[in-house]
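Novice: Here are the chains, one letter per residue:
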Amino acid sequence: MSSTLLSTSEVVRVYGRRLSLLGQGGKPVRAVDGVSIGVARGRTLGIVGESGSGKTTLARMMVGLLPPTAGSIEIDGRSVPELALSDRKTLHRMVQMVFQDPVSSLNPRKTVRSILEAPLKALLGMGPEQRNQRIAELLSLVSLRAEFADRYPHEFSGGQAQRIGIARALAAEPELIVLDEPVSSLDVSVQAQVLLLLSDLQRRLNLTYVFISHDLAVVETISDEVAVMHLGKVVERGLRAQIFAKPQHDYTRLLLSSIPAVRRRAQ
Amino acid sequence: MNVAIEKATPAPEPADTRAGRPSAWKLLTRNGVTSVGLALLAIIVVIVLLAPVLPLANPDAADAVHRLQPPFSSGHIFGTDQVGRDILSRLIWGTGVSLAVGVVAAAAAAAIGSAIGLCAAFYGRYVDMVLMRGVDMLMAFPYLLLALAIVAALGPGLLNAMFAIIVVNIPFFARAVRGATLSVVRADFIAAARLSGLSDLRIIASELFPNILPTIVITASTTVGWMILETAGLSFLGLGAQPPQADLGGMLGDGRNLIEVAPHVATIPGIVILLVAIGINLVGDGLRDVLDPKLKSGGLARAHAKTAVAPPDQRLGRLSSAPLDPHSLLSVRGLETHFTIGREIHRAVGGVSFAVKPGEAIGLVGESGSGKTVTALSILGLVATPPGKIVGGAILYRGDDIADTSLAHLQEIRGNRIAYVFQDPLTTLNPLITVGEQVAETIRRHRGLKRAEAWREAVRLLEAVHIPDAAARARSYPHELSGGQRQRVGIAMAVANGPELIVADEPTTALDVTTQAQVLKLLNELRHERGAALVFISHDVGVIAELCDVVHVMYGGRIVESGPVGVVFNSPQHPYTQRLLACVPELGRPERLIQPIPGIPPAANALPPGCAFAPRCQLAEARCRSGAIELSRIGPDHWARCVRAAAGNA
Amino acid sequence: MRNYILRRLLLMVPVLFGITVIVFLVIWLIPGDPAKAILGTFATPENVAKLNHDLGLDRPLPVQYLIWLGNVLRGDFGRSYILHRPVIDEVLDRLFPTLLLAGTALILSSAFGVLLGIIAAIRQNGWQDKLITIAVLIGISTPSFWLGILLIFWFAVRLAWFPVGGMQALFGGGDLVDVIHHLALPAITLAAVAGAVLVRLTRGNMLEALRQDYVRTARAKGLSEGRVIYVHAFRNALVNIVPIIGLEAGFVLGGAVYIETVFQWPGIGRMLVSAISTRDILLVQGGVLIVATCYVFINLLTDIVQCILDPRIGQA
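Going line by line, the protein sequences match chains A, B and C. Here the first sequence is numbered in our numbering, starting from 1 and rising by one per residue. Here the second sequence is numbered in our numbering, starting from 1 and rising by one per residue. Here the third sequence is numbered in our numbering, starting from 1 and rising by one per residue.
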């Protein structure tokens, strides 16, 4: 049951080897510096870290949007960077991504229908009738009304736009979805809607998640396993209960102690 | 006290909001000045197109007998030129030539330049370097000189002149389009399109191009006017249209040496060029207003030094019935702040009352659009006008209404008795001024210290906010500091003159959690040390709970519940507060079910009558949706704006 | 910052190199035999062959370029077959009048452009702003050569306040007052059109700067409006205005071609126009190359000024 779907081994990504006419490149930065983690089928791996920890770079490498400088990333036993070069269609039918900013992740000049159609046509080769039926299904999966299909992104609130982003990721029928800070730009009440939707979808569709966030409480709510990233490295990883109850690494402890508590014990 | 556990209920969607989006054409013609430009151009184009059927003299027919006839002479409304040709006829045909050349040149330069810019930005690296260095070379020449060099090589002639004008305009398009493309290429929807399996070509055609088209149109609308002027210029120099063909520039050139004997020969074509260019520029400005999203909301309006305030006798609403606490330092009473955007009124703050005692920390908590930031900015008239205006209520500082005090008096209070800490320290500090000077200038302003003294005091303050090596760091610019250090500078600025009240608007939202914890600790320490009261605005319930004594929960521009932090957060009485707290994931209690609030917060321009939360509230009844609901007292210092709370059955 | 200036100086090398390539390629653009074009219709075959050899036109293009570049670096731009003198002498004689005219126009247009732009921005939507906006619209829509003709007609011919053209009086002229008297009309004409563009961009940049969060911070500190506008907003707007002044330099150097022609000003622009009509290609090459080089140095200057104004640039 708990077979590994995605795993990374000693992944490194270096930025800043910029080319310039006079060879004046910046100092290279190791955004991701030797990360080895994995996620089992049907489970959620939470990755938590502050800005500059390399979590977004890692996410982009996991879905093949960014090639790693060194190390390997495998999905279902196949190399993600290689698939990204040779067979993007197969790769993106296995793994999809949901982005942080729901507004910038939707093309402002396309209707929801044509945004959702793209993967159905390009990845699954569906005909027009099948597509229409599937788009209706997808919208109802994310609790949006079917007539929203012919609207443009600016007509939606942040929470609705993020549902469309999730529907787009689901359209390819992937096994794995990498969620990069999917709720951080949403208000708490809307954030809760999206979190509940995500866990509902995971149960119904047997999805595997990599959930990236800076918010420890959110990660704790949704993850089975957690990895804590700091300056490009995973400083601690383990089962959720373990990390939050008995943190081993100083940085994890610092993170946990920095979170303000809603209810004062003193009262 | 857990509310019944519920499934993810499909959100009830807001009413159809599609109607209010006018087409680009409507927006364009709505602007009066643009319409004038459009009309001017339309008239010119129609006349030019009708040239073949209008009863015009042959534009090239010389008539030596009737040369240099003045305007309004028989048969020649605009007179004749030096060889007796009819000026009106030549003018109309010439305008056609000039317009055609300008439009063709603009289209060609746009096509080639945009292709270069698009490829450079999309493929990046070597492609970008090679293409843009080439463009830089073209830009290294003074605009017109390169055109002259090309004409010099190819020889004079209208087509050659047009070719030269196209070449020298390519860089403008290449640069503009490259910039626009770069910002689009980095957008997540391009990554999403890749993940959707689209090919590079499809991405360029269906994702990129539609989004950079406005940039191309804007650039074309600004350059087409130049191109017409420049082509006319080349013809004027005798390097463009060759006789007997006439364009406007050539006609002007003919008239140049006749200026003393027959000024009309040069004057009339000049006026026509001017009219054409004015028409094009007016339409171009209109297009830019419509297409440039930055200008769309009218956002370029300059904010006044102080928020506009309705005079006391015209202010809306009744002052709160709660008795005035004589001990309060600041008392906001029935504050209403509205924004007028287009013809719509956004009621951002709709009657907010609260008081701050000396040394007390109060929190305003709410989601985006709840009115908490506008409330905070209204206190010292920092809401941008236009579009904002304080239309109701009063702001009592030590008993005086400072809402409509003079700007000079307000400036004495700002940064001195009441100080602000803002959200994003990168944008709220001036990037070109050292952080030491930014602290020192507020000291000089209010304490009248000399430059050197104020600087020493600024360094002491930077030490007080724990900036390491403060004396050296004072000479740094904001971009040289980390986010946390920048916010420390913001705090140093706020406490510089020993204020009685600090208003902090989401001061840690842009920071990481570990930095946030340090900054909050610092803010709290300094506040206690210096005995300042605090108004703390945040969306984060946890932060408010840690820092504040009293909390006011805001929703839809009103306070819906207020009371001591422990009371409100441990036994919330308003359904919104209850549901809000149930939404927040709590560390160490992952098993607790998060219960989302269905629906979305109301828009400030479409607030429902009655309780703003009623449409999302499961307990809502008919009376929630009718009249205004007052805050009612439900315990010592505990208030809630709910009909059920008032009845004591919440 | 020293690093930035050094880097910027180094970057000039490829730019100057690129300029020579483009100027060189101008000859190559000439349809048919360049030597024939240079010598005109009445050239003898011997002369054509000799010029072909002198210019190295009988060799491969890169070799031609290197020969030409070598000559240019030694200050040899060839001879004008029309004027019968070395190109470099003619160009240098005419460089000063052009720089005088363009420089005066640039200073006038920058000073008035920035000033009016600020006034328009701080009086946004007031009558001053509306008046300036209308003036700017007319300014950017007016062909400078036409404006020049009108000014000559009114102020030189009708009112006779200024001379009709030239740089100095034919007899007894040449002193400073005389030159300024001659300079006034052409410089104003050139500055009017260039200044209009600057007013518009200054206004836009000021409004943009005044919208920024740090302006609100400055106000929240209780600073006076004067300090908010001139210390906080204007300094930031200036960072964007300086490179525009650099572009304006290119605009006035190019626009000088019209103005010099209209006002009979003895500068490079007028020389170029007559060289083009006599097909004196080498003279055109020399003139364009020298003016473009001046422009590159002006741009270097504006970049350095911008770097001094904005500490973020030097460190990027």
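Where hints are given, some of them may not hold.
Stated by the list, open to error - In silico BS3-like pairs for lysine-lysine, Cα to Cα no more than 25 Å straight-line:
id: 1; chain 1: B; residue 1: K26; chain 2: C; residue 2: K130
id: 2; chain 1: A; residue 1: K246; chain 2: A; residue 2: K233
id: 3; chain 1: B; residue 1: K357; chain 2: B; residue 2: K521
id: 4; chain 1: A; residue 1: K110; chain 2: B; residue 2: K26
id: 5; chain 1: A; residue 1: K110; chain 2: A; residue 2: K121
What the hints assert, rightly or not - Now the in silico label distances, taken between C-beta atoms and shown as ranges:
id: 6; chain 1: B; residue 1: V46; chain 2: A; residue 2: Q133; range: 48 to 56 Å
id: 7; chain 1: B; residue 1: Y126; chain 2: A; residue 2: H154; range: 47 to 55 Å
id: 8; chain 1: C; residue 1: G166; chain 2: B; residue 2: P52; range: 43 to 51 Å
id: 9; chain 1: C; residue 1: G75; chain 2: A; residue 2: Y15; range: 42 to 50 Å
id: 10; chain 1: B; residue 1: L50; chain 2: A; residue 2: P108; range: 39 to 47 Å
id: 11; chain 1: B; residue 1: R589; chain 2: A; residue 2: R30; range: 34 to 42 Å
Quick caveat, the hints were computed from the structure, so don't treat them as lab data. Quantities reported herein were computed from a predicted structural model and do not represent experimental measurements. All C-beta atoms, glycine included, are put in the ideal place defined by N, C-alpha and C.
Novice: Does 39 to 47 Å hold as the CB distance between L50(B) and P108(A), or does it fail?
Specialist: 41 Å, holds
Novice: Next pair to validate is K246(A) with K233(A); report whether the Cα-Cα distance is within 25 Å.
Specialist: With Cα atoms ~20 Å apart, K246(A) and K233(A) stay inside 25 Å; holds.
Novice: Given the hint that K357(B) pairs with K521(B), test it: the Cα-Cα distance must not exceed 25 Å.
Specialist: Roughly 21 Å separates the two Cα atoms, so the pair holds.
Novice: Does the hinted range 48 to 56 Å hold for V46(B) and Q133(A) at CB?
Specialist: 51 Å, holds
Novice: Check the following: the C-beta atoms of G75(C) and Y15(A) are separated by a distance inside 42 to 50 Å.
Specialist: For Y15(A) against G75(C), whose Cβ atoms are near 47 Å apart, the range 42 to 50 Å holds.
Novice: Do the alpha carbons of K110(A) and K26(B) lie within 25 Å of each other, as the hint requires?
Specialist: Given that 25 Å is the threshold and the Cα spacing comes to 21 Å, the pair holds.
Novice: Hint check: K110(A) vs K121(A), CA-CA at most 25 Å. Holds or violated?
Specialist: 15 Å, holds
Novice: Is the hinted range of 34 to 42 Å satisfied by the C-beta distance from R589(B) to R30(A)?
Specialist: This hint holds: roughly 36 Å between Cβ atoms.
Novice: Y126(B) and H154(A), beta-carbon distance inside 47 to 55 Å?
Specialist: The hinted range 47 to 55 Å is violated for Y126(B) and H154(A), with Cβ atoms some 36 Å apart.
Novice: Take a look at whether the Cβ-Cβ distance between G166(C) and P52(B) falls inside 43 to 51 Å.
Specialist: 45 Å, holds
Novice: Take a quick look at whether K26(B) and K130(C) sit within 25 Å of each other, Cα to Cα.
Specialist: 24 Å, holds
Violated hints amount to a single one, hint 7; each of the other numbered hints is respected by the structure.
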